[in-house]
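A.B. asks: Between the sequences and the hints, there should be enough to build the whole structure, so can you do that?
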Amino acid sequence: MCSSTVTVKVVKASANAQPCVIGTVKGPGENGNQYVFITANNRQVKIGEFVYYQVAEPGGEKALQILGKISDRRLSDHLPDRIFADTEISPETIAALIGFSHPNPEIYEVTVDVIGYFHPALGFINPRLTPDPGAKVCITDDQTLLQVVNKKQPGEVGSAQVGSLLLRPDGAVPVALDVKELVSTHMAILAGTGSGKSYTAGVLIEEFLQPYNRAAVLIFDPHGEYGTLAELRGHPDFRGDDGYAPVVKILTPDDITIRISSLDYHDILTLLPEMSDRQQSILSKAFRKLKKHNRGGEYRWNMDDLIASVYESDTSEDEEGAPKIGSSAPAIEWKLERLANSQYFHQTHHLAPKDLFEPGQVTVLQMNEISQDEQQVICAAVLRQSYLARINTEKDKIGEEDENYLPYPVFTLIEEAHRFAPAKEPSRCKAVLRTILSEGRKFGLGVGLITQRPGKLDSDVLSQCMSQFLMRIVNPVDQESLKYGVEAAGRDLLKELPALTKGQVIISGACVNTPVLCQVRKRLTQHGGETLNAPTEWQKYFQTHRVRSQTIDRSPVAAKVKAKTFRGVSIE
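The sequence shown begins at 1 in the numbering used here and counts up one residue at a time.
Treat the hints with care, as some may be off.
As the list claims (entries may be wrong) - Cross-link-like lysine-lysine pairs, in silico, DSS-like; alpha carbons within 25 angstroms at most:
1) K430 to K354
2) K180 to K354
3) K292 to K249
4) K495 to K483
5) K291 to K430
6) K180 to K395
7) K292 to K335
8) K335 to K289
9) K292 to K397
10) K136 to K62
11) K354 to K397
12) K152 to K180
13) K430 to K285
14) K151 to K62
15) K46 to K26
As the list claims (entries may be wrong) - Restraint-style ranges between C-beta atoms, simulated for each label pair:
16) D255 to P330: 32 to 38 angstroms
17) C20 to D255: 40 to 46 angstroms
18) N475 to A172: 31 to 37 angstroms
19) R128 to D355: 52 to 58 angstroms
The hints are simulated quantities; they were obtained by calculation from the structure and are not laboratory data.
The structure displayed is predicted, hence computed values, not measured ones.
Backbone N, C-alpha and C define an ideal beta-carbon position, used for all residues, glycine too.
C.D. replies: Okay, here's the thing in structure tokens:
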């Protein structure tokens, strides 16, 4: 049984320490950051496992534990292949007959990528001290990993315990992420269909709403999958000692209202039917005229104001100096009046940032009944308004009485992100997202993106997400996009993507000290994105009471019996 008394990050060599030695260094690897060791232990040399060797600190008495991660292994020496060719003969029996009785005849060459030793203030530092041939390689113990992998310890303020290390059994090493880094430097959950990306997002939201975080969260939910977060209300696992309990607001499409004056020219253009070049020019000119009224504060114009500005922009003078209205204004007016009848865009009603964000509250915008173009505009308008709210609040341009007053950092999660920031298509949200992802950190506005097609997500948007959650991805195009869009994940772990099963995730980036393979914990609330069980639903169709009801519905209506008559007079 291997055991270890090493429990600190930089330790002194001790004669009492009993590290779990699993191999011996053979020499350097293919590059300067790798080394190769030899072992007969096939069970513990898994891809992604943490190992270490010890070296003396230059000019000091300390022994440094230089951590590394297993990235490759191959069978170096074994019994002759001929022994394995006959399935009827036991290889152990043949080996014993020829005098080879070693219990572990196989020898493995294992490649390790060096991470470095951990410094509490600076993180991992690679001292560039390569191991000498013959140096012993040890498995890193659970307690050390708990300290060096996690930037925050489980249960601390600002931590998010999403699961445990996949390669350590029974959740021996919890994985707790740094919420500050997740929120401020943005994050992305990238996974194929059915890999558990929405489930993982639900676990993160649960952690954000715990008493030790109490985050202000908004979720754009195109499929209505996050309604089950309502179970957070009154849930005993989320109660604080001071009486804290999370607030959950589920906004259905009927609750979503965006003020017309919060839209810009491109928003309006997206919502209107096909516009000619001249009509677009007139509408753009009309918007510029409206902006002239926006001095000294927010001018809340309505549709009548915009239509009046359109007519003014399409008016010229004839030869006699009389005003002449062009043909474009009436056509634009007709299209704008159609927009004015939309149930989502109003003259006065508005979902203000104050309504959407509050510490200890998660707001879910369910947009499953809203068209794609309207979803784009709603998302762009809300993100833009929230971004401006944080800027104006931080710069003391607005006070507490303003609906846009946001005196605390906020976090926004966008499901199906490739719809809102597609790689090769125009999108209303793309420019807004690029701005927020590049500048939002300074003003406390964080963004999380979830997508099942990272190859279709805009590369500039993806590259700004400094924390990544990578789940099972089989599509070669999507796998290739990750190599360039996700810098923090080692290529050795990216090779594992097709082999991951549901609930297994590679976490990398600013939220952890080093990329890790993690098993996502069980959710405390129900998951709302389960796949519909078609065979079960088909079977329900033939239940007894339904069959009887269907038989009645399909039966012909009984014809009314005609009354008997005699010479046209009823005898009944």
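A.B. asks: Of the hints stated earlier, which fail here?
C.D. replies: Numbers 3, 17 - these are the hints that the structure violates, sorted from lowest upward.
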